[in-house]
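Participant: In order, the protein sequences belong to chains A and B. Just so you know, we're using our numbering here: the first sequence kicks off at 1 and counts up by one. Just so you know, we're using our numbering here: the second sequence kicks off at 1001 and counts up by one.
These aren't lab readings, by the way, just hints derived from the structure by calculation. Treat each hint with caution, since some may be false.
The list that follows gives simulated cross-link-like pairs (lysine to aspartate or glutamate, EDC-like), each with its CA atoms no further than 16 Å apart [to be verified]: (1) A:Lys-108 / B:Glu-1171; (2) A:Lys-208 / A:Glu-218; (3) B:Lys-1146 / B:Glu-1175; (4) B:Lys-1046 / B:Glu-1066; (5) A:Lys-16 / A:Asp-139; (6) B:Lys-1108 / A:Asp-99.
Facing chain B, from chain A, some residues (calculated, C-beta under 10 Å) [unchecked claim]: (7) Leu-7; (8) Gln-13; (9) Lys-16; (10) Ser-101; (11) Asp-105; (12) Leu-109; (13) Gly-110; (14) Phe-163; (15) Trp-272.
What the simulated footprint calls covered on chain B by chain A, stretch by stretch (three residues with Cβ under 8 Å from a Cβ of chain A suffice, anywhere in the stretch; the number is not a length) [what the hints assert, rightly or not]: (16) 1075–1088; (17) 1125–1134; (18) 1218–1230.
Each residue gets a CB set at the ideal place from its N, CA and C atoms; glycine is no exception.
2 protein chains.
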Amino acid sequence: MNVAHELAPARAQLEKLARPLGFVPTMGALHAGHMRLVEAARAQCKSVAVSLFVNPMQFGPQEDFERYPRDFEADNEKLAAAGVDLLFAPETATIYPPDFSTFVDVGKLGTRFEGAARPTHFRGVATVVAKLLHMLEPDVLYLGQKDAQQTAVLTRLVRDLNFTTRVEIVETVREPDGLALSSRNAYLTGPERAAAPTLYAALQTMLKEIQAGKSVEEAREAAVRVLSPQARLEYLNLVDASSFSRLQTLRPPAFLVGAARFGRTRLLDNLWIRT
Amino acid sequence: MNVAHELAPARAQLEKLARPLGFVPTMGALHAGHMRLVEAARAQCKSVAVSLFVNPMQFGPQEDFERYPRDFEADNEKLAAAGVDLLFAPETATIYPPDFSTFVDVGKLGTRFEGAARPTHFRGVATVVAKLLHMLEPDVLYLGQKDAQQTAVLTRLVRDLNFTTRVEIVETVREPDGLALSSRNAYLTGPERAAAPTLYAALQTMLKEIQAGKSVEEAREAAVRVLSPQARLEYLNLVDASSFSRLQTLRPPAFLVGAARFGRTRLLDNLWIRT
């Protein structure tokens, strides 16, 4: 595996790689969910590039940018073992030169749910991914379903701005008790970790109740009862998969999306209802 | 010359064209200034593509989108005669599908001067050019110096978002009396047309006075005296060529930029001070 910290050597390596090129953007702290994306890229493409960049632009001023988990050596080893061809791990100044000022905004979709909780988050995500797509020029962009609204934002970015890269969404990887893998799970204390799987359980309950003919509101009430009392629920809703506007009846493709805090740690999860 | 109104046939044609590909984005109503851009592309590149799209997103609600001059047949003939390989002339729905919502914003630079007079103008310009660069994937983007701030905005777009396209700025073409060519000159009445060259004369006076050692403010006062009394001056300033922030002393690369209304018609001009 080649490792490049600057753009010029990354592009020099990319020129040698067979196409199609699959690309997995990450912020590091890699877990089995990331590795599932790498596996999908490996299976479908001739070459695989991974970026590792903790993107300051997608963190709010009160958020966890500083304490976000970082372990470059471990990440490097995992990616090399998985047969990744290129690891692009730029410094912040390589991505954002001193007088950088441009951003990409996907509009209303980026203001809902996660965008309401984190007002500049999706602008930061869309901007850095637009840059990485230009830097690495991959054929396929691999995204994890766990961050459902992010997949919608980036699918829209690619469609609205006519990027030629294709988006592939890969299903969430879970712990045996159902907790969706996330780098932020590392923040959880023992009791928080024990309570965290109830977010997934709540989503499953909500889907089952909707499919049994209950109204979205009734299903939501049943779901809330499944949540651990330790969870502070932020939202739990049925939304259109593309716009993330709320649905009152099930009309796929849709997501059931949830966010809750367990102590200081904010976790997301979702169910993807494709048909 | 091939003419494509949809993306798929445009891309099919582009695949057959030799590289490097030069690209000239236009809103039609082509004059000798546009044709100078085409000539530069023709001289420096193996193939030339031109887009013709009156972009609604870069017009404000009270602006001249509806009455902007349109003459597809004449434009078509001029471009064919100039040896253009591909004319891409999309309908609005091809560029902006019904639920389009994404925009690109270059930040502060886009809020000054023209951006102050036309608050969403540069957002519209940056967004449509980002789309066209993805659609046509040119090697070189040709821009006219006449719209100086637009060249700064698009140079910054390309740099900040790491587009691989190179930007070439081509000098302003003028009438014998100095008036910069512009599609909007067609709006001028006889007396307005007679007064319009004083904008260029004012810029020249301002530069001469600065070079003679006068302060920017003194030079500006001398320049204003050269302007026709028919002109309603909007701004006349010395600015940094990259940020468009005002300069108190000449520090190239810089622009002297001016905007004035002649009747209902708002005209721009500038001098580019490269060294």
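Participant: Which numbered conditions among the earlier hints are violated in the structure presented, ordered from lowest to highest?
Facilitator: 1, 4, 8, 9, 15, 16, 18
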